[in-house]
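Participant: Sequence:
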Amino acid sequence: MSGVRQPSPQPSPSTPPFNAPAARRLRAALGMGPEHVAYGLRVSYGLPHATPELVIAWERGTIAPNNLELTALSGVLWCSPGELIGRPRTLREHRIARALAPEDVARAVGADLRSYLRMEESGDWRGNDRQTAALAEVLDLSLPDFVAVTGREDKLAELLRSAVTTRWQAYVRPVGKVAAVERARLEKVLQELHQDYQGQMVASLSWGGNSAARASSDSGRAFLDRIVEYFWDRVEGGAEAR
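For the sequence shown, the working numbering assigns the number 289 to the last residue and increments by one with no breaks.
Simulated from the structure, these hints should not be mistaken for lab results. Each hint can be trusted.
Taking lysine-lysine pairs in the BS3-like style, the calculated list, with each CA pair at most 27 Å apart, reads:
hint, residue 1, residue 2
1, Lys224, Lys202
2, Lys235, Lys202
3, Lys224, Lys235
Label-pair ranges, simulated between beta-carbon atoms:
hint, residue 1, residue 2, range
4, Gln216, Ala76, 46 to 56 Å
5, Thr179, Gly284, 20 to 30 Å
6, Tyr92, Thr213, 50 to 60 Å
7, Ala146, Thr212, 37 to 47 Å
8, Thr118, Arg232, 33 to 43 Å
9, Glu100, Gly284, 40 to 50 Å
10, Tyr92, Leu271, 40 to 50 Å
11, Leu271, Gly122, 41 to 51 Å
Think of the CB as a built atom: it goes at the ideal place given N, C-alpha and C, for glycine as much as any other residue.
The task is simple: from the sequences and hints, build the whole structure.
Facilitator: Written out as structure tokens, the structure is:
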């Protein structure tokens with residue numbers, strides 16, 4: 048397709064997670080064609096390379112817009128950048144979703160801009176308690192997002208796997224330090240997850256070496272792989288872990 052930039056073999060680290068169906072839906076709701084969007088990008092936002100073919104490629108998920116293109120597209124579609132982004136995972140993605148400049152966030156948390164950008168690019172949040180609280184406020188982070196953005200999700204997963212495979216009671220305090228969940232709720236969630244996992248393992252042992260036992264063992268491994276997801280489901284009162 049002429050005029051369309053070819054996608055890179057690997058996603059660019061500067062490219063936010065783009066929600067292609069949302070872009071298509073928002074454009075249709077405005078009664079605009081791809082050519083109207085491209086015209087707005089060129090005339091109002093100074094993107095001379097914007098063509099109807101490029102807009103179509105974005106909407107098909109063939110190519111993802113970069114940060115500048117995403118901001119311009121949100122302007123043309125009269126929406127916030129967050130409406131065009133898939134679920135944010137990183138600090139940078141949350142900032143972009145809220146249409147904040149790095150300077151805005153650095154100022155809000157009381158950090159030097161260069162230091163903040165290093166933390167954003169590395170994904171390693173090193174702010175103190177006050178700065179961390181300010182970060183959660185300025186980015187309006189939910190507790191699961193807060194844990195992920197501050198680089199604590201891997202630690203949480205490690206603790207949860209240990210909790211369900213050994214004595215869950217020993218992990219109430221360590222898990223509570225990583226995820227600030229009220230203690231009574233945390234105890235209930237850890238106990239439920241422990242019972243779910245152990246129930247699968249008991250079934251595996253009782254079935255011996257047949258195919259049902261192997262299926263149960265595979266189910267147990269899948270449970271551990273998704274333990275953080277199941278944890279937040281229970282904490283937030285969502286669907287039961289399957």
